[in-house]
Amino acid sequence: MHEMAMAQSLVAAISEEARKHGKPIRAKMSCGMLNVVNDDVLSFAFEAVARGTPCEGMQLLIEHKPLQAKCRACKRVFTVDLSSAKCPDCAADDFELFPDAPLLLEQIEFEGIDDDEGERRQENPGRE
Amino acid sequence: MTKVNVGRKILDANEKYALRNSELLAQHRNRCFNMISSPGSGKTTLLVRTISDLTGSVRIGVIEGDIRTDLDARRIRATNAPAIQIITEGACHLSAAQVNGALKKLPLDNLEMIFIENVGNLVCPSSFELGEDGKIVVLSVAEGDDKPAKYPGIFAKSKALLVNKIDLLTGGALIDFDLERVRADARRLNKSIEIFPVSAKTGEGMSAWYGWLHGQLGKA
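Respectively, the protein sequence lines represent chains W and L.
As numbered in this note's numbering, residues 1 to 128 make up the first sequence, in order.
As numbered in this note's numbering, residues 129 to 348 make up the second sequence, in order.
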């Protein structure tokens, strides 16, 4: 259940942004293959941790970024399936793994007006 | 609707503490290894044997992580090495903040090498950096030779692999364990991983492991 610690960090980070931007409705995160994030477990943990915070009821989108490798024999770069790892071109199993994608909170969508509009309104108070 | 691009590492709070830990360790000239394995692979037995055999040549301290009890720290202290027990009360991995608290309780000035024995689990601990110089994965032969294929993350990230309890292979126990398969699967994930087949019980293979540890300290 390393997903619980991830959920806690996500809720803390999104709540911090919510103080500036209002009610969050959707967040996108991404992860690599080696952190073995289970979507159901993380979503469940996120929902539980979010209860009673500004993140309650929001949607979490999880993108899994594939692990890439370079074949040492034919130099082809390919997406690795670690359970049957072979170069798709020359079938060699000698390859260099590229760094796994980090656990990243990429984007948050908030309810309400755009920031730009908000700023414009503040610049021109009471002119309507 | 407002979209905000955050681009923030999800475990950044943990990574901040990990950085503090590695700075603290460097200040005191300590090398630190994070030991990760399934429960029951023999991490504590390996550490007890290593500490005893290296008495007088390497000054070792230990941080123990367990869900419950301080049984492991007591086993380490019986060797006269200092040990701090972290009880995670259910958490499946150690965090860098917990390790920071434990490091501050160890007499770092009198030590050269710190082992962190993580909570027994091949999955969760591998995602949490603790500020260590490297991870060491332990696999005992009774667990089966398919573990590098099934749990690639930790084998891809480790500096060394200790294949423990090899006395069971030569001792006539009915265990199907192909060491060559483990070597091939681990090296496919991690070209530079050092592999040491050992028995913490009989001492077989331990001298190669000690040689590697001395090398990590710059001692010949």
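You may find that some hints are simply not true.
[Said to hold, decoys possible] No farther apart than 20 angstroms at their CA atoms in a straight line, the calculated lysine to aspartate or glutamate pairs in the EDC-like style are these: (1) L/K287 / W/E17; (2) W/K70 / W/D94; (3) L/K131 / W/D93; (4) L/K131 / W/E111; (5) L/K285 / W/E96; (6) L/K347 / L/D200; (7) L/K233 / L/D274; (8) L/K131 / W/E96; (9) L/K131 / W/E16; (10) L/K131 / W/E109; (11) L/K319 / W/E111; (12) L/K131 / W/E106; (13) L/K287 / W/D94; (14) L/K287 / L/D261; (15) W/K75 / W/E111; (16) L/K285 / W/D93; (17) W/K28 / L/D140; (18) W/K86 / L/D261.
The hints are simulated quantities; they were obtained by calculation from the structure and are not laboratory data.
Status of each hint after checking the structure:
no. : hint            : result
1   : L/K287 / W/E17  : violated, 38 angstroms
2   : W/K70 / W/D94   : holds, 9 angstroms
3   : L/K131 / W/D93  : violated, 43 angstroms
4   : L/K131 / W/E111 : holds, 9 angstroms
5   : L/K285 / W/E96  : holds, 13 angstroms
6   : L/K347 / L/D200 : violated, 28 angstroms
7   : L/K233 / L/D274 : violated, 39 angstroms
8   : L/K131 / W/E96  : violated, 37 angstroms
9   : L/K131 / W/E16  : holds, 15 angstroms
10  : L/K131 / W/E109 : holds, 4 angstroms
11  : L/K319 / W/E111 : violated, 48 angstroms
12  : L/K131 / W/E106 : holds, 10 angstroms
13  : L/K287 / W/D94  : holds, 19 angstroms
14  : L/K287 / L/D261 : holds, 9 angstroms
15  : W/K75 / W/E111  : violated, 47 angstroms
16  : L/K285 / W/D93  : holds, 18 angstroms
17  : W/K28 / L/D140  : holds, 17 angstroms
18  : W/K86 / L/D261  : violated, 30 angstroms
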